[in-house]
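Please model the complete structure; the sequences and the hints are all you need to start from.
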Amino acid sequence: VEIKSTLAIGESVEYLAPGDERKALIDGSIFCSQKIQYNCEGSTMTEAGVQVVSGGGSSILDMSSTGLGTGTCRCFDTDSCGDGAVCSCERDGGQGMDMDVIIDKSKLPIVSVTSTVDNNAFVVGPLECSQKQFGIQPNCEKYRHEGETESYAYLVDPDGPAGSDEPFLAECRIDDYQGKTVINNDNGDGVELDTGDSYSINYPNADDSQIGDLKERSTYCTQQVTLYCDTAAVDASRIELVAVGGSVTSLDTVLSTQNCQAGGGSMDVGMIVKNDDQDNAPIVSISNNGAGPARLDIGPLVCQEIFENCQDYQKFVNNEGVEGENRLAKGAQLTIDPDGFGAGEPFVVRCNWAETIINPPPDDPDHRPRLVLKTTNNKTDCWTINYTDDAGNGIGAGQMGALVDGGRNCRQELTIGCGNTGLGGKVTYKTCDGREMTNLVGDISGEATATCACGVTGVCQGGPQDQCNCESPSSMSAMLEDKSLIFEKEALPICEICLTIVGTETTGIGAGSGQKLSYNVGRLMCGKKGGKGSLRYFQCV
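Note that the UniProt record's numbering has the sequence shown beginning at 1, numbered continuously upward.
Hint data in this document are derived by calculation from the structure and do not stem from the laboratory.
Heads up, a few of these hints could be off.
Restraint ranges, calculated between C-beta atoms of paired labels, are given here [said to hold, decoys possible]:
id, residue 1, residue 2, range
1, G93, K4, 30 to 40 Å
2, V123, G19, 16 to 26 Å
3, G398, G42, 19 to 29 Å
4, D83, G263, 32 to 42 Å
Since this is a predicted model, take the numbers as computed values, not measurements.
All C-beta atoms in this analysis are idealised placements derived from N, C-alpha and C, irrespective of residue type, glycine included.
The following block contains the structure:
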């Protein structure tokens, strides 16, 4: 229900069930929750006198002039409201939203809300109860999958309802690509350390076990470290960083630059990483063992769940997902990172269950072949095949190659059209890593029995002696096609096509029409489950 301007004394939230039935439902359930959201458009909560009252008369939020000291929002608890504000709606003149999912049964249900301005509004969700926990996602990426688009503070539960650890608050940074789970610490203003000093870093919203659950769930986590050397050189090799679990890292091995080693008046930045190869995050203490006066800033722990392909994601959910976690629906979008952390940018694909699909290049949106009109023989033209993801952003050649390298049963269709000319062996393509292929069946052994797929099985239009349809005399009187499904990994993906017109021009498809070659690159597909053997061409009759 949406509730706009109310009286100063508040407005009751109406339920279909009477109060005694609501109380019985809450008392008889193991888990209950209710979501409330406040949308502000030009007025702060203080200006609107916002109040939220729960069953029993206790205050959940009070931003009125007679506030009861509970005037903070969930984002304040995760240090993510911005500009030091206690609520998002308390900054920028009251533009944005604040929300909460209340799971404390003693504060349920919401019975009254107050907001005395016309342009702000509450949205109060239903009271929901069950005999087990529900609705709390394991991380922020799963909230994005479930349709959440707002960056805010959310409850997360990485080990799920069946795990031993309780849900905890995290900052979720959500964009079109991913939902990053952020665990802030108490080092917001940085720390100054003299030789011999030590300093502890605390994470108020999550204990070591909960952080461990999040790290286990994530494909990688990062934490930025900044060293300032304002007045003198600092020997970073004498500063120790201790992580949860006790691993020790020397600061100089983390920094990507070494400006402070040379002298003062500068800074160095580095990144602590937790992935399959190392586990040095998050930092829980710092020791200065003779580096000289140093100032450091330890950023939040930022965890991400980005798999290399759709198959890896579905396998993880099937084998290691938490109770109640949904698999991706057919055709759903997923952000993947085939070459792993720190290399190419992640990108968005469509998943056909476990199959990863990269659609054809955007310059051929309707799958129409590109037509090449020639009047000069033996002239070669080449075209770069640029791929884009489902968000419209370019995919680098390195990422395309990594997708194939890490994928299973990858394949891509290539079609060559011809008119008034044969192929004559003058169609080549290159893979994204620069490997040149001189046949259209993706053969990498050099033992291909034919240039085209129809020649492999002996069913070309001109007869079994031909290697391609385009070698048939019919190609001099009509447009023909040679279509191949390329499935050898080393021959994929297609990143450049080169066509060369050879032979003498005829007029079989219309006087003056010229010689024609065309190409069409199909979508790249990886991950469909197959048998143990390799794919092969067979003649079907």
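Here is how each hint holds up against the structure:
1. G93 x K4: 30 to 40 Å: The hint (30 to 40 Å, Cβ to Cβ) is violated, given that G93 and K4 are roughly 19 Å apart.
2. V123 x G19: 16 to 26 Å: holds, 22 Å
3. G398 x G42: 19 to 29 Å: Check failed, 47 Å falls outside 19 to 29 Å.
4. D83 x G263: 32 to 42 Å: holds, 35 Å
The structure is inconsistent with the numbered hints 1, 3, although it conforms to all the rest.
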